[in-house]
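J.: The sequence shown begins at 1 in our numbering and counts up by one.
These are calculated hints, taken from the structure and not from any lab test. Warning: the hint list may mix true and false statements.
As the list claims (entries may be wrong) - Derived DSS-like pairs (lysine-lysine); straight-line CA-CA distance at most 27 Å:
#: 1; residue 1: Lys25; residue 2: Lys58
#: 2; residue 1: Lys41; residue 2: Lys28
#: 3; residue 1: Lys25; residue 2: Lys49
#: 4; residue 1: Lys25; residue 2: Lys41
#: 5; residue 1: Lys62; residue 2: Lys49
#: 6; residue 1: Lys28; residue 2: Lys58
#: 7; residue 1: Lys28; residue 2: Lys126
#: 8; residue 1: Lys25; residue 2: Lys126
#: 9; residue 1: Lys58; residue 2: Lys17
#: 10; residue 1: Lys41; residue 2: Lys126
#: 11; residue 1: Lys8; residue 2: Lys126
#: 12; residue 1: Lys18; residue 2: Lys49
#: 13; residue 1: Lys18; residue 2: Lys62
#: 14; residue 1: Lys18; residue 2: Lys8
#: 15; residue 1: Lys4; residue 2: Lys18
#: 16; residue 1: Lys17; residue 2: Lys28
#: 17; residue 1: Lys17; residue 2: Lys41
#: 18; residue 1: Lys58; residue 2: Lys18
#: 19; residue 1: Lys58; residue 2: Lys41
#: 20; residue 1: Lys62; residue 2: Lys17
#: 21; residue 1: Lys17; residue 2: Lys4
#: 22; residue 1: Lys62; residue 2: Lys41
#: 23; residue 1: Lys62; residue 2: Lys28
#: 24; residue 1: Lys49; residue 2: Lys17
#: 25; residue 1: Lys41; residue 2: Lys18
#: 26; residue 1: Lys49; residue 2: Lys28
#: 27; residue 1: Lys18; residue 2: Lys28
#: 28; residue 1: Lys25; residue 2: Lys62
#: 29; residue 1: Lys25; residue 2: Lys8
Said to hold, decoys possible - Taking CB as the label site, the calculated pair distances span:
#: 30; residue 1: Arg52; residue 2: Arg10; range: 31 to 37 Å
#: 31; residue 1: Arg29; residue 2: Leu156; range: 41 to 47 Å
#: 32; residue 1: Lys17; residue 2: Leu139; range: 36 to 42 Å
#: 33; residue 1: Leu139; residue 2: Glu90; range: 31 to 37 Å
#: 34; residue 1: Arg10; residue 2: Arg54; range: 20 to 26 Å
Backbone N, C-alpha and C define an ideal beta-carbon position, used for all residues, glycine too.
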Amino acid sequence: MPYKDPEKAREYRREWKKSPEQREKAAKRREVRERSDPEFKARSRATEKRWRGRNPGKVQAKRERRAENPRTVRDDNLRHLYGITHEDYERMLEEQGGGCAICGSTTSRRKGRGHLSIDHCHQTGKVRGVLCDPCNNGLGRFGDDPELLRGALEYLERVG
Numbered sequence: 001m002p003y004k005d006p007e008k009a010r011e012y013r014r015e016w017k018k019s020p021e022q023r024e025k026a027a028k029r030r031e032v033r034e035r036s037d038p039e040f041k042a043r044s045r046a047t048e049k050r051w052r053g054r055n056p057g058k059v060q061a062k063r064e065r066r067a068e069n070p071r072t073v074r075d076d077n078l079r080h081l082y083g084i085t086h087e088d089y090e091r092m093l094e095e096q097g098g099g100c101a102i103c104g105s106t107t108s109r110r111k112g113r114g115h116l117s118i119d120h121c122h123q124t125g126k127v128r129g130v131l132c133d134p135c136n137n138g139l140g141r142f143g144d145d146p147e148l149l150r151g152a153l154e155y156l157e158r159v160g
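Given only the sequences and the hints, what does the whole structure look like? Please build it.
T.: Pasting the structure below:
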């Protein structure tokens, strides 16, 4: 730490934590830990719940900001959950011909959602493409296992 004075050290850490890069790294670390440690996840959720109870004004202000700026909310979610930007999403969609990578559908087919889903590996977090909800759910139900999917295909071909 560059400072011996505790107050200067605290201020340095506060400023350091504010940088977008550090916040994103911290969010990734927290996400990985929550995936691997259910107790940590439960403690995190309890802490968040207490904070929301003590800060209703801030919670309401955030809700209002999100309602006014749905595109910003989508961008934040893409960045936080998948590490991509809206432009990355649009580029992937364009590379796939403008629709689902499996069936080609251009709509999510889910009420209230105008966008397709991000398909990603749940173990590594790697983004694989853009899918409609039925195709994305189908892969998930088969546990992203190619052998199971091949078995399902063989079954469908066999029974017609």
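J.: Need the list of violated hint numbers for this structure, in ascending order.
T.: 11, 30 and 33
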